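Novice: Sequence:
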Amino acid sequence: VKKQAQDRPMSMWISSVKQLEPVRHLLSPLLLDFMEAAWPSSISMVIPRGPWLDIFGLGDAAIHIGTPQSIAIRSPDCAVATHLINLVGPIAVTSANPTGEADTTHHNQVYAKLGKKVEGVLCDGPSPENIASTVVDCTKIETGQIGFFRVGLIPKSKDLNLIYPYKTCREIKAQQTGQSWKEELGT
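Here this note's numbering = 1-based position in the sequence shown + 390.
Since the hints were derived computationally from the structure, they do not count as laboratory data.
Since this is a predicted model, take the numbers as computed values, not measurements.
Cβ coordinates follow ideal geometry from the N, Cα and C atoms, glycine included.
No false leads were mixed into what you were given.
Across the chosen pairs, the derived CB separations fall in these ranges: (1) Thr533 with Ala492: 30 to 36 Å; (2) Gly449 with Ile521: 32 to 38 Å; (3) Ala427 with Lys506: 37 to 43 Å; (4) Lys506 with Phe538: 34 to 40 Å; (5) Ile445 with Gly505: 36 to 42 Å; (6) Gly490 with Trp442: 27 to 33 Å; (7) Asn498 with Leu422: 32 to 38 Å; (8) Leu422 with Asp444: 16 to 22 Å; (9) Leu504 with Leu477: 19 to 25 Å.
Please model the entire structure based on the sequences and the hints provided.
Specialist: Below, the structure is given as C-alpha cells:
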C-alpha cells in the first residue's frame, strides 16, 4: 500500500513484555529490564535478530520484519492495539505514512495520505502524541551501550534514566559476587 522502503523494514509490536515469556531465556536480562521499565510507550527498541523470533510462528512473514541482523520491537501505549495483539499475538507493523513523507500521528492524517488504499485504520481516539516515536539501538545493550536512531516523543535523557539504573545494579551485584557484570549477562 505505501511502498515500504528497503531501508525501513517493518517492526514487531507486542502487547506487553509478558508476550516474550517463551523467549526470555534467549534475550539479555538487561534488555528485558529496559523493556519492563520503558513499556508501554512510544519507544521502539532495535534488538539483535535471532532464533527467538521463530518461536512466535510468523513463518514466511518473518522475512518482512527487520533486517537479517536486527528488528525493531515495541509495546505500544494504545489500549485498542494491545487488545488486538493479545488476541492474535505479535504483529508486524509499519508507520502509517507513505515512505519519505512526514509522520502521521492522527487517524485523519492516515486517511488523508493513504485514502482508499486501506480498508480501515485502528483508532483509539485522539492521539496524545504529535511527534514520532523514539527508536533506540539496543543491539549492544549487554555492554551497557544504547544509541538512538531517532529521538522522538521520549527524549534521550528519559531513555538513559530508564536503562542506567539496571546497568548499575548489575555492576554492583557482579562486584559482590566477584563476577564481571558482562559475565553475569552471559556475554
